[in-house]
Amino acid sequence: GIQVEQSPPDLILQEGANSTLRCNFSDSVNNLQWFHQNPWGQLINLFYIPSGTKQNGRLSATTVATERYSLLYISSSQTTDSGVYFCAGRGNNNDMRFGAGTRLTVKP
Amino acid sequence: KAGVTQTPRYLIKTRGQQVTLSCSPISGHRSVSWYQQTPGQGLQFLFEYFSETQRNKGNFPGRFSGRQFSNSRSEMNVSTLELGDSALYLCASSLDPGRKTEAFFGQGTRLTVV
Numbered sequence: 003g004i005q006v007e008q009s010p011p012d013l014i015l016q017e018g019a020n021s022t023l024r025c026n027f028s029d030s031v032n033n034l035q036w037f038h039q040n041p042w043g044q045l046i047n048l049f050y051i052p053s054g055t056k057q058n059g060r061l062s063a064t065t066v067a068t069e070r071y072s073l074l075y076i077s078s079s080q081t082t083d084s085g086v087y088f089c090a091g092r093g094n095n096n097d098m099r100f101g102a103g104t105r106l107t108v109k110p
Numbered sequence: 008k009a010g011v012t013q014t015p016r017y018l019i020k021t022r023g024q025q026v027t028l029s030c031s032p033i034s035g036h037r038s039v040s041w042y043q044q045t046p047g048q049g050l051q052f053l054f055e056y057f058s059e060t061q062r063n064k065g066n067f068p069g070r071f072s073g074r075q076f077s078n079s080r081s082e083m084n085v086s087t088l089e090l091g092d093s094a095l096y097l098c099a100s101s102l103d104p105g106r107k108t109e110a111f112f113g114q115g116t117r118l119t120v121v
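These protein sequence lines map, in sequence, to chains A and G. Each residue of the first sequence is one higher than the last, beginning at 3 in the working numbering. Each residue of the second sequence is one higher than the last, beginning at 8 in the working numbering.
Honestly, the hints are just simulated from the structure, not real lab data. Just so it is clear, the structure is predicted and the values come from calculations on it, not from any experiment. Check the hints yourself; a few may be wrong.
As the list claims (entries may be wrong) - Partial selection, computed: residues in chain A whose CB lies under 8 angstroms from chain G:
#1 Trp42
#2 Gly43
#3 Asn47
#4 Met98
#5 Gly103
Unchecked claim - Stretches of chain G that chain A covers, calculated by requiring three or more beta carbons in the stretch to come under 8 angstroms of a beta carbon on chain A:
#6 46-54
#7 91-103
#8 109-121
All C-beta atoms in this analysis are idealised placements derived from N, C-alpha and C, irrespective of residue type, glycine included.
Isolated chain G (complex conformation) (with noise of 0.2 angstroms):
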């Protein structure tokens, strides 16, 4: 069964441009929830998506945002980058029933701003 699948593994972009990641759930899992791990800030909550709804958001800008597809694939953007948002992101997926399920992260997306 395959894991988690996050691409790309590795990003570098320029401060003010846009960035999507996408991450690929383990099949049958219906819940995909992002997180941004710095090194000051630890692992911190962006978004959760359930069954193509996004069912719980972080504190973040307006400029992070996701999605969701019928597949439970989910992608999340980043609008006019800042240099502080260079970070490790993680996504994870779990069956969900009642949130009362074992989660399962990939490998992050590296994403470096300059």
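Chain A extracted, bound-state conformation (with noise of 0.2 angstroms):
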């Protein structure tokens, strides 16, 4: 299967600080997902971009698919958004992989 590699692996940010994670794949994916982890352990799903670029308020996500790399960005961060953020992606008749994460602090 697909290496899925996420950096940085730890990111600690003022309130109202933008951020940008990384997601390299080591070959060609056609299903990537980014999603948040909750403090109960549940994955939620952020988005599902195999390839492009996709917005849903202060978050966005591109993918591009040629260069096997993902970026989630996260604008004008909140409290809120800390915690851990995973890449995970489907090569060709493969399971999903997940990168180790990135886990994120927002300080008040």
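Relying on the hints, combine the two individually framed chains into one complex.
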């Protein structure tokens, strides 16, 4: 299966700051998602984004499939944005593989 | 539309026992996948089922098994529990035509082995 690398592993921000999280894949993916894991462990869907750019409020994501990476942008961060962000991708006929996550801490 | 339902939410078992976890996918979804999450290993793929057939299996010992029923509900079983099996077990469901659809996760089952 594919390897997924997320960076940075940890990120500490002041409320109101912007951030960019990155996800690199070792091979082509045709199915890519971003998740936010809540304090109780559930993975909350942020974006399903095999390619292109999507926006949802203060969050947006861009996937450049040909270069095997995806970016998650968080603007005007709030303390409620804190938590772990995961990207996951699936290659052809493969299971979904996750990165190790980025732990975001937003300080008031 | 109901989401993915996992039961039980929490479980405490003794080493050597066995456990069965259940996952009910979103109505109409035919694919169910299972993942184990531990602090040390992150999110690791266990198995994937589609239309009652196991389509893919991760690198776990044979003590980990699963199945899917005709209504797409899935169960996973872990026999002869070890302390290292303590983890959050997550299942995901998707429509799955050609695996190019969005996956949705349940709230997870937190298993503690003592």
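Structure-based check of all given hints:
{"no.": "1", "hint": "Trp42", "verdict": "7 angstroms, holds"}
{"no.": "2", "hint": "Gly43", "verdict": "5 angstroms, holds"}
{"no.": "3", "hint": "Asn47", "verdict": "6 angstroms, holds"}
{"no.": "4", "hint": "Met98", "verdict": "6 angstroms, holds"}
{"no.": "5", "hint": "Gly103", "verdict": "7 angstroms, holds"}
{"no.": "6", "hint": "46-54", "verdict": "holds (count 3)"}
{"no.": "7", "hint": "91-103", "verdict": "holds (count 3)"}
{"no.": "8", "hint": "109-121", "verdict": "holds (count 8)"}
This entry satisfies every hint, going by the numbered hints stated previously.
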